[in-house]
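Given next are the chains, with one letter for each unit.
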Amino acid sequence: MTDVIATPRPADTPEEGGVKGLFAKYVALPGPIRWMTAAALGVLLLSIVQEISGEGSSVLTEPGTSGAMLRFAVPILLAGLGGLFSERAGVVNIGLEGMMILGTWFGAWGTVNFDSPWAGLVCGAIGGALGGLLHAVATVSFGVDHIISGVAINILAPGLTRFLSDQVFSDWEGGSITQSPRAVGLPKFDVPLLAGQGGSTSLLGELDDKDWFFVSDVAGFLEGAMQSLSLYTVIAFALVPLSGFVLWRTRLGLRIRICGERPEAGESLGVNIYLHKYIGVVTSGAFAGVAGGFVAMELAGIYREGQTLGRGYIGLAALIFGNWRPGGVMLGSLLFGYPFVLALRDSTGLGTRALLLVIGIALIAVLVFSVVNRKWTDSIIAGVLALAMLIWWSQSSTAPNWLPNTMPYATVLLVLVFMSQRLRMPAADGQIYRKGG
Amino acid sequence: MNQSILRRVALAVGAPFAAVVFAVALSSVVLLISGNNPYNAFSDMLENASRLETFVDILNNATPLYISGIAAAIGFRMNLFNIGVEGQYLIAAFFAAAVGSAGFVVDLPAPLHVAVILLVAMSVGAAWAGVAGALKVTRGINEVISTIMLNFIAVGGVIAWLLVEFQDDSGASNSGTTPLAASGRLPSLNRVLETVTREIGKGRELTGVLIIAVVVGIGYHLFINRTRLGFDFRASGYNPMAARAGGVPPKRMIMYAMLLSGAVAGLVGMFEVLSDKGQYSQSFVRGIGFNGIAVALIGRNNSVGIAVGALLFGFLSTSSGILQITGSATPEIVEIMKGIIVLSAVVAYEVVRRIRLRDEAKSAAEATERRDDSVPVEGSEVPA
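Chains as they are written, first to last, in our numbering: chain A, 1 to 437; chain B, 1001 to 1384.
Next comes chain A alone, as it looks inside the complex:
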């Protein structure tokens, strides 16, 4: 990943006025507030579009959608956090997809074999960690190119799980060479007071029923996110601040990060670079494994061959989008997970059509921002794409049925088109390090 050029961000002067100044002030805000503002703006945009599009597009913000949005973000989030540990230690991990596949199999196996979803979670992590260990042996000890090793793992993993399914699941009731028996995930709960279900009154539910523009939408969105929340989802999102804490506030984290920035400097200070790279990559595999376990146990309730759908790669895209930081990875996973939800829930195509308008408006925002910053190429691209989206939206009555399935991947590309060049990856990311070299 040597093509992301590390350009130092110019120092923003707080005195500047207009859009630029506003943006500078926004960037200066503390992280959590920044994400909440971004999320609120997102919901505002969605509810405006919903008002315009009317009938059928309520799928964009109805309570069920936000709950599903969290669920579909989790595998991407965990894969992205996994990539964070690995790439902060200087090892590019394209093998996340393969490790995730191992996670789906071992997660389902653990759940069914020990009859406990907790065991499934742990087994998924172990399965993924084994894949991570393999990647670490190849890249750190043997110095194989990171991408080549990752690709090899992605080739090995589906073959291995297929073999294992044949050996194990085929003999179990309800299992076959391509799938496991049912493997149900962790218990679900409603957040007390704020969210309730089936007639029980709740604070956010009341607000949602008032039908006030935006306020009700936000309430509905939040309530949906807090209804029948799986413990697995909570654990995944708790790993965001935890990863940030470990990597930026502990000695271990500092040592892992120096492997990704200046391994020679670290070695001269007595840091065991190989060991910390191993820790980073194996942790990365474990995270990917947990992500895979989530896909099998929570999203599908069963292990099925090929069910990861490239989410490991999308996790990497979220990592890039998030500028190699946990909060950014989370935002990226929510953004990239959202289209998956529509693919599942939007049977009429009306919501996806409305999403075209959302993308169009977002592109206009990008256009304004680029013009203010005198980035003319960005402006032209954003302008043309925005126009195309708006024309498409206005000329169609519903989205074609292939669009929802394509949306997640197209969104990734679209976002990276505008983001790729403003980012800075760890300085020694992807480089092969030899002790004393």
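Errors might be hidden in some of the hints.
Stretch-level coverage of chain B by chain A, calculated; a stretch enters the list once three of its residues show a Cβ under 8 Å from a Cβ in chain A [said to hold, decoys possible]:
1. 1005-1011
2. 1154-1160
3. 1193-1199
4. 1222-1229
5. 1291-1303
None of these hints come from the bench; they were simulated from the model.
Predicted model, so just to flag it, every value in this text is computed and none were measured.
Just so it is clear, CB atoms sit at the ideal spot from N, CA and C, and this is done for glycine as well.
Add chain B to chain A, keeping to what the hints say.
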């Protein structure tokens, strides 16, 4: 001197050999654990491979894999990871099949008809890969991510969208493009092979695309080793900074490599489009793109090496059938073997590379010592 040549040959052949031995050993252990006799399994596989019909199967399997491996290798030669061969060959095969059965093209005479189909396949493959190239060159998006996303968009988006438009509505329930006329098909090579062997039975047909694969392989070898652009490719791969200083524009190289890789990738699906099936359908063969990457890695991006890798994978794929029949082992063992071979091959190559570097350093040191002995102490004017 003689010994050092021997050592070099041993190193070159040793790495892939070691990888295969390692894979056989490891999968034997796996077979033993799962309660099968590895000796029976491997002897079944080898015995089966000695039959002429199996040989044809292996060649048929290896042909698209080889083309796919070359496509991946073109990128690898300059450290460009075109993971999107999968999407490129599928979208190319779809357009080739659709154009080949539409409009005036249908009425073209045989050689021209096939030529148009091939041309469409190569252009579409190149265009789809070119998108990833353009995104990398102009927007700095890593090609691994973009080609993977383009794979999903090609299959779930473009093909799903257009297949409905080009669907054969002659009543068949199979949702695919209209089957090609006889003029759009390549004849099988059975008669060519039969001149040196006995008659090929069991309805096996050796694909005519084999010739295209051979041409692609030779062309790739000549291009990389004998042309200026090929030299620039290799230079960019070894050392992009030095290549740039030497006047090789890096962005243009990336575009060329992606376009060329995509054009070759477009040919991968031809073995099915130009065959009796003659159409793109929902059940079109998938997965050759990813296996092609594996084959390119095993073959070290070398045209002969990739052929060996493709034949090996072709052999393994055909073997899963015989294991199924004899029941001496679970057929899925071959999938594991493929994975182990790839991973151990890349590790073995890296180890060999290290040994070579050490050898070179040693012989350089020896050479310097010898020269130091022959030159007087004050000889500071040692010719460079």
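Taking the hints in turn, this is what the structure says about them:
1. 1005-1011: violated (count 0)
2. 1154-1160: Satisfied; 3 residues make the cut.
3. 1193-1199: violated (count 0)
4. 1222-1229: Since 0 is below three, the answer is violated.
5. 1291-1303: Check passed, 4 qualifying residues.
In summary, the structure is inconsistent with hints 1, 3 and 4 from the numbered list given earlier, while agreeing with the others.
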